[in-house]
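Let chain A serve as the given structure and place chain B on it in line with the hints.
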Amino acid sequence: SQTIHQWPATLVQPVGSPLSLECTVEGTSNPNLYWYRQAAGRGLQLLFYSVGIGQISSEVPQNLSASRPQDRQFILSSKKLLLSDSGFYLCAWSKGDTYEQYFGPGTRLTVT
Amino acid sequence: DAKTTQPTSMDCAEGRAANLPCNHSTISGNEYVYWYRQIHSQGPQYIIHGLKNNETNEMASLIITEDRKSSTLILPHATLRDTAVYYCIVRAQEANNLFFGTGTRLTVIP
Numbered sequence: 360s361q362t363i364h365q366w367p368a369t370l371v372q373p374v375g376s377p378l379s380l381e382c383t384v385e386g387t388s389n390p391n392l393y394w395y396r397q398a399a400g401r402g403l404q405l406l407f408y409s410v411g412i413g414q415i416s417s418e419v420p421q422n423l424s425a426s427r428p429q430d431r432q433f434i435l436s437s438k439k440l441l442l443s444d445s446g447f448y449l450c451a452w453s454k455g456d457t458y459e460q461y462f463g464p465g466t467r468l469t470v471t
Numbered sequence: 038d039a040k041t042t043q044p045t046s047m048d049c050a051e052g053r054a055a056n057l058p059c060n061h062s063t064i065s066g067n068e069y070v071y072w073y074r075q076i077h078s079q080g081p082q083y084i085i086h087g088l089k090n091n092e093t094n095e096m097a098s099l100i101i102t103e104d105r106k107s108s109t110l111i112l113p114h115a116t117l118r119d120t121a122v123y124y125c126i127v128r129a130q131e132a133n134n135l136f137f138g139t140g141t142r143l144t145v146i147p
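For the record, the sequence lines run as chains A and B.
Heads up: the first sequence is residues 360 to 471, going by this note's numbering.
Heads up: the second sequence is residues 38 to 147, going by this note's numbering.
Pulled out of the complex, with its shape left as it was, chain A reads as follows (with noise of 0.2 Å):
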């Protein structure tokens, strides 16, 4: 069966301070991977997908990017944190001929 998996769970940074979150997907081959954001009280916002191995599409400007080294490896990164960085980010995966998204648990970041 297949598995998703995020961490840190939680994560407190300083405004400034830089950011990796990181996601990797187990038991299956050339999944498509996305990142989402979701504010307190809030849907979920789409950040970046992904259809394979360093391919990015960006779905809204912000200072925030991502990669894909592996193929099942999915990395949000951050060069300096703002305060409105913090958030509850979702990394999920679906596969190429199905449209179903699974989640993985979140990281929960507190940008001070």
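Hint data in this document are derived by calculation from the structure and do not stem from the laboratory.
Which chain B residues face chain A? A few, computed with CB under 10 Å, are given here: (1) TYR73; (2) GLN79; (3) PRO81; (4) GLN82; (5) TYR83; (6) ILE85; (7) HIS86; (8) ASN133; (9) ASN134; (10) LEU135; (11) PHE136; (12) PHE137; (13) GLY138; (14) GLY140.
In this text the structure is predicted, and so the values were computed from the model without any measurement.
Glycine included, every Cβ here is placed at the ideal spot set by N, Cα and C.
Only chain B this time, still in chain A's reference frame:
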């Protein structure tokens, strides 16, 4: 993606069926109806999806009206662990984004 309208909250007695409605009157012909739920502080969980026929799986049943303008998610025997926010989403199958609205907060009462 077409927008959806869901009640803000609902209560259901434990062991009874929970029927969660969703209106999607502007749905297009190639858009599917998806249901996800999110238990507090966890990632959303996929439940079920359908195009025009009713669907059933181990978690729930999805009833879509003939005109596809509304649907109902049915949890046949609600348990306390079903307490969550339930999201109804419509999207074309090839679309990458899932637009989560505010959903319905279902509380299962002992």
